[in-house]
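Quick note, the sequences are listed as chains A and B, same order.
Be aware that the first sequence starts at 1, since it is given in our numbering, and climbs by one per residue.
Be aware that the second sequence starts at 1, since it is given in our numbering, and climbs by one per residue.
If you're looking for bench data, these hints aren't it; they were derived computationally from the structure.
Note that beta-carbon positions come from the ideal geometry of N, C-alpha and C, so glycine has one too.
Any given hint might turn out to be false.
As the list claims (entries may be wrong) - Listed below are the simulated SDA-like cross-link pairs for lysine to any residue, each with C-alpha atoms no more than 25 angstroms apart in a straight line:
1) K68/A / K79/A
2) K42/A / A93/A
3) K101/A / Y10/B
4) K69/A / G54/A
5) K57/B / Y51/A
6) K57/B / S86/B
7) K57/B / A93/A
8) K79/A / E92/A
9) K69/A / S108/A
10) K79/A / A93/A
11) K57/A / E92/A
12) K101/A / S27/B
13) K69/A / S86/B
14) K42/A / K68/A
15) K42/A / Q44/B
16) K101/A / Q18/B
17) K101/A / Q17/B
18) K101/A / G28/B
19) K57/B / K57/A
20) K101/A / E52/B
21) K68/A / S108/A
22) K101/A / N71/B
23) K79/A / Y51/A
24) K101/A / N59/B
25) K59/A / T95/A
Claimed, not checked - Now the stretches of chain B that chain A is said to cover, found in silico as 3 or more residues with beta-carbon under 8 angstroms:
26) 7 to 21
27) 29 to 43
28) 105 to 111
Claimed, not checked - Cβ-Cβ distance ranges computed for the label pairs, FRET-style:
29) Q54/B / E45/A: 40 to 50 angstroms
30) A10/A / S86/B: 36 to 46 angstroms
31) T26/A / P39/B: 19 to 29 angstroms
32) P39/B / A53/A: 27 to 37 angstroms
33) T67/A / T80/B: 13 to 23 angstroms
34) S79/B / S109/A: 46 to 56 angstroms
35) Q54/B / S52/A: 25 to 35 angstroms
36) E70/A / F69/B: 38 to 48 angstroms
37) R15/B / S19/A: 39 to 49 angstroms
38) R30/B / S109/A: 39 to 49 angstroms
39) D39/A / R73/B: 32 to 42 angstroms
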Amino acid sequence: EDQVTQSPEALRLQEGESSSLNCSYTVSGLRGLFWYRQDPGKGPEFLFTLYSAGEEKEKERLKATLTKKESFLHITAPKPEDSATYLCAVGEAGTALIFGKGTTLSVSS
Amino acid sequence: KAGVTQTPRYLIKTRGQQVTLSCSPISGHRSVSWYQQTPGQGLQFLFEYFSETQRNKGNFPGRFSGRQFSNSRSEMNVSTLELGDSALYLCASSLSGRSVSGNTIYFGEGSWLTVV
């Protein structure tokens with residue numbers, strides 16, 4: 001069974017239309033939750049690390065939040081350049097990062 | 001500060017051949033991990049090295065191997081290539097010696113391998 005599930009798989013937004021991406025996880029002993037952005041043909045680019053429930057981090061139009069069972073990546077007033085695949089990963093004690101399948105975001109002008 | 005550098009970026013190999021991919025981590029980073037990315041399976045962990053020692057290994061066959069050198073640079077090797085090995089191979093580095101699961105890892109641009 002998947003330990004990290006991202007939803008939706010794909011999301012289409014109009015420029016300026018805010019929305020949220022979800023990452024739910026079932027690992028125990030969370031050592032960190034990570035968000036990455038990946039553009040086609042490139043490696044994932046680090047965005048945020050969250051370590052404990054209630055923690056929030058922001059960067060430009062992106063805001064990541066964390067609860068005990070899930071994380072949200074909120075995108076406020078997105079622009080076409082925000083189009084990418086957003087990956088979520090969790091760190092569990094003694095193991096490597098476990099990645100979700102990603103959410104592919106398309107923002108049209 | 002230079003990021004993670006992977007070479008080659010693109011390569012085409014024939015079934016049965018072997019391939020070696022190279023990774024130079026961010027300066028000062030001592031941990032290197034490798035991932036395979038395919039459209040169907042997403043990112044899957046291959047192995048992690050720290051101070052030339054393999055600390056963690058994913059669920060891949062023994063055809064996949066790796067090593068790390070004293071300067072933290074790493075290589076991975078895939079022998080007896082199969083069509084299903086076609087993928088983007090990503091290297092990532094992290095700063096400290098703690099388990100990968102607790103550290104932020106930074107990725108390179110990847111090596112695109114096509115097996116024909």
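Results of checking the hints against the structure:
no., hint, in the structure
1, K68/A / K79/A, "30 angstroms, violated"
2, K42/A / A93/A, "28 angstroms, violated"
3, K101/A / Y10/B, "23 angstroms, holds"
4, K69/A / G54/A, "11 angstroms, holds"
5, K57/B / Y51/A, "24 angstroms, holds"
6, K57/B / S86/B, "20 angstroms, holds"
7, K57/B / A93/A, "14 angstroms, holds"
8, K79/A / E92/A, "34 angstroms, violated"
9, K69/A / S108/A, "31 angstroms, violated"
10, K79/A / A93/A, "37 angstroms, violated"
11, K57/A / E92/A, "20 angstroms, holds"
12, K101/A / S27/B, "30 angstroms, violated"
13, K69/A / S86/B, "34 angstroms, violated"
14, K42/A / K68/A, "31 angstroms, violated"
15, K42/A / Q44/B, "16 angstroms, holds"
16, K101/A / Q18/B, "28 angstroms, violated"
17, K101/A / Q17/B, "30 angstroms, violated"
18, K101/A / G28/B, "30 angstroms, violated"
19, K57/B / K57/A, "31 angstroms, violated"
20, K101/A / E52/B, "30 angstroms, violated"
21, K68/A / S108/A, "33 angstroms, violated"
22, K101/A / N71/B, "33 angstroms, violated"
23, K79/A / Y51/A, "28 angstroms, violated"
24, K101/A / N59/B, "17 angstroms, holds"
25, K59/A / T95/A, "28 angstroms, violated"
26, 7 to 21, "violated (count 0)"
27, 29 to 43, "holds (count 4)"
28, 105 to 111, "holds (count 6)"
29, Q54/B / E45/A: 40 to 50 angstroms, "26 angstroms, violated"
30, A10/A / S86/B: 36 to 46 angstroms, "23 angstroms, violated"
31, T26/A / P39/B: 19 to 29 angstroms, "24 angstroms, holds"
32, P39/B / A53/A: 27 to 37 angstroms, "33 angstroms, holds"
33, T67/A / T80/B: 13 to 23 angstroms, "45 angstroms, violated"
34, S79/B / S109/A: 46 to 56 angstroms, "48 angstroms, holds"
35, Q54/B / S52/A: 25 to 35 angstroms, "30 angstroms, holds"
36, E70/A / F69/B: 38 to 48 angstroms, "40 angstroms, holds"
37, R15/B / S19/A: 39 to 49 angstroms, "44 angstroms, holds"
38, R30/B / S109/A: 39 to 49 angstroms, "44 angstroms, holds"
39, D39/A / R73/B: 32 to 42 angstroms, "26 angstroms, violated"
Comparing the model with each earlier hint shows violations of hints 1, 2, 8, 9, 10, 12, 13, 14, 16, 17, 18, 19, 20, 21, 22, 23, 25, 26, 29, 30, 33, 39; every other hint is respected.
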